[in-house]
Structure formats: structure tokens, C-alpha cells
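Engineer: Sequence:
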Amino acid sequence: MGGFLAKMISKKILGESLENKFGHEDPYFETIPASKLGDTSLRKKGKKRRKALPPGISDHDRKVLTKVKRRAYRLDMCLFSCCGISFGWSSVIGFMPGIGDAIDAFMALMVFRTCQQVEGGLPQSISLKMMANIIIDFCIGLVPVMGDICDAMFRANTRNAVVLENFLRDKGAKNLMGHSDNPPPDPSDPEEFDRREREELSASSLTAATRAKATTRRN
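Numbering follows full-length UniProt numbering, with no gaps: position 99 of the sequence shown is 99.
There may be inaccurate statements among the hints.
PhoX-like, lysine-lysine: derived pairs with alpha carbons at most 25 Å apart [said to hold, decoys possible]: (1) 51 / 174; (2) 51 / 36; (3) 129 / 171; (4) 171 / 36; (5) 63 / 129; (6) 171 / 51; (7) 129 / 174; (8) 174 / 63; (9) 63 / 51; (10) 63 / 171; (11) 36 / 129; (12) 36 / 63.
Keep in mind the hints are simulated off the structure, nothing from the lab.
Turn these sequences into a full structure, and let the hints guide you.
Structural biologist: Written as C-alpha cells, this is what we have:
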């Protein structure tokens, strides 16, 4: 029963298919840090970005992180926003009386199990932190209506995606230690990501201004 439910959720709710390697590959989620999943300004169609994945980690761990970020977004914020709060499948299903919170917890555990698929597994401290987020999320959701709204604000899956990304960032830094005196910048770090976005915006504005001047001269 659990296996059937997991397959149905993966296909119908999480949108995982053969085309996206069952969630392991996604051009958007490979270029957005986990801490930026809720930033609607980044969802510009056609804009090309460099991959925002921690340097020094294996290809397998990159795919696991991409899948976790994709699942977190689908569950926590993919459907709509209301009063500044984003709602995903987790929030909507949580509104179902009785069984909704149980299914919500089951989906959060699916994300957690995906996190555990990184090479070498997760340290106990990281696993406990993720499970604490899931338990808090479940308890909040038990409160009718207001609990479900607070649940949407808490975003346990997104929190766990950030925890995983931070863990892999540290893991990658340790792997690179000793290989170079100048380690490469980490594009998954929120501050580094924002710096690159500002540089690209500045360059884009400069290019647009140059083209405008050239057009004016021709006329």
C-alpha cells in the first residue's frame, strides 16, 4: 500500500517522469539555491543561469539535491500565493479532514528518504534535525484551518532541502580542502548567488543602455 501511494504521489503530485529522470534532473532547480525556492522574481522564463550546486560534491549527490529541491517546491509552494503565503500540494492536501495530515507527513517522509540517498548517508544530527521539522510540521497541521495556514508558512520540506544543501556544501568544502589554495566560489551560497545576480543585472542594464545609444545615433 505504501509503495503504491508513493508511486502515485511521485507521478501525479510531484510530476516525476522518465523525461526528468524521475526528478533527478531539472534545469530550473539545478540553478536555484534551496534557500531561494520561494523567490518568485527568479522564475523568469527563458533566462539562463549557471548551476547553483555546491562545488566538490559528486554527480550523484547533485542529482539527489536537485530532486529534493524540486520535491520541496512542488509540495510547499507550486500552486498559488495568497496574502504573501505560497501554497503547494502539501498545504492543499493538509486541508483534507482526517487523512490529510497523514498524507502530508507521508510526503514529507518521502522527501526525507530522498535526502538519505546521498553518498555515505546523513549524519544522525542532520537526520534528527530533518525529522524534527517533519514532526513540528505534522503537529502544527493538526490544528484545524489556522494550523494548515501556519503549516504552509513553516514549509518543512523546504527547510529540509536547505539543511541538505548546507550539509552538502560543508561536505564539498571538505572534499576540496587540500586540492587548491583558492577554492572556487560556491554558487549555491545565498550571498554568492545574490552577488552574481546583481552582476548579471548590471551587465544586462549596461548592454541595454549601449544598444539604446547606438539606436539613437543611427536615427
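Engineer: All hints are to be evaluated individually against the structure, with a verdict given for each.
Structural biologist: Against the structure, the hints:
1. Among the hinted pairs, residue 51 with residue 174 is consistent with the structure: their alpha-carbon atoms are about 20 Å apart, no more than 25 Å.
2. Pair hint residue 51 plus residue 36 holds up; C-alpha atoms about 13 Å apart against a cutoff of 25 Å.
3. Taking the CA atoms of residue 129 and residue 171, the gap is near 17 Å; set against the 25 Å cutoff, the hint holds.
4. A distance of roughly 21 Å separates the Cα atoms of residue 171 and residue 36; the hinted pair therefore holds under the 25 Å criterion.
5. Restraint check for residue 63 and residue 129: satisfied, since their Cα atoms lie roughly 22 Å apart, inside the 25 Å limit.
6. Restraint check for residue 171 and residue 51: the C-alpha separation of about 18 Å stays at or below 25 Å, so the hint holds.
7. Under the criterion of a C-alpha separation no larger than 25 Å, the hint pairing residue 129 with residue 174 is consistent with the structure, at around 21 Å.
8. The suggested pairing of residue 174 with residue 63 holds, with an alpha-carbon distance near 19 Å, which does not exceed 25 Å.
9. For the hint pairing residue 63 with residue 51, the CA-to-CA distance comes to about 12 Å; that is within 25 Å, so the pair holds.
10. This hinted pair checks out: residue 63 and residue 171 have alpha carbons roughly 15 Å apart, not beyond 25 Å.
11. Between residue 36 and residue 129 the CA atoms are separated by roughly 20 Å; this keeps the pair inside 25 Å, and the hint holds.
12. For the given pair, residue 36 sits about 18 Å from residue 63 by alpha-carbon distance, which is consistent with the 25 Å threshold.
Every hint from the earlier list agrees with this structure, and none is contradicted.
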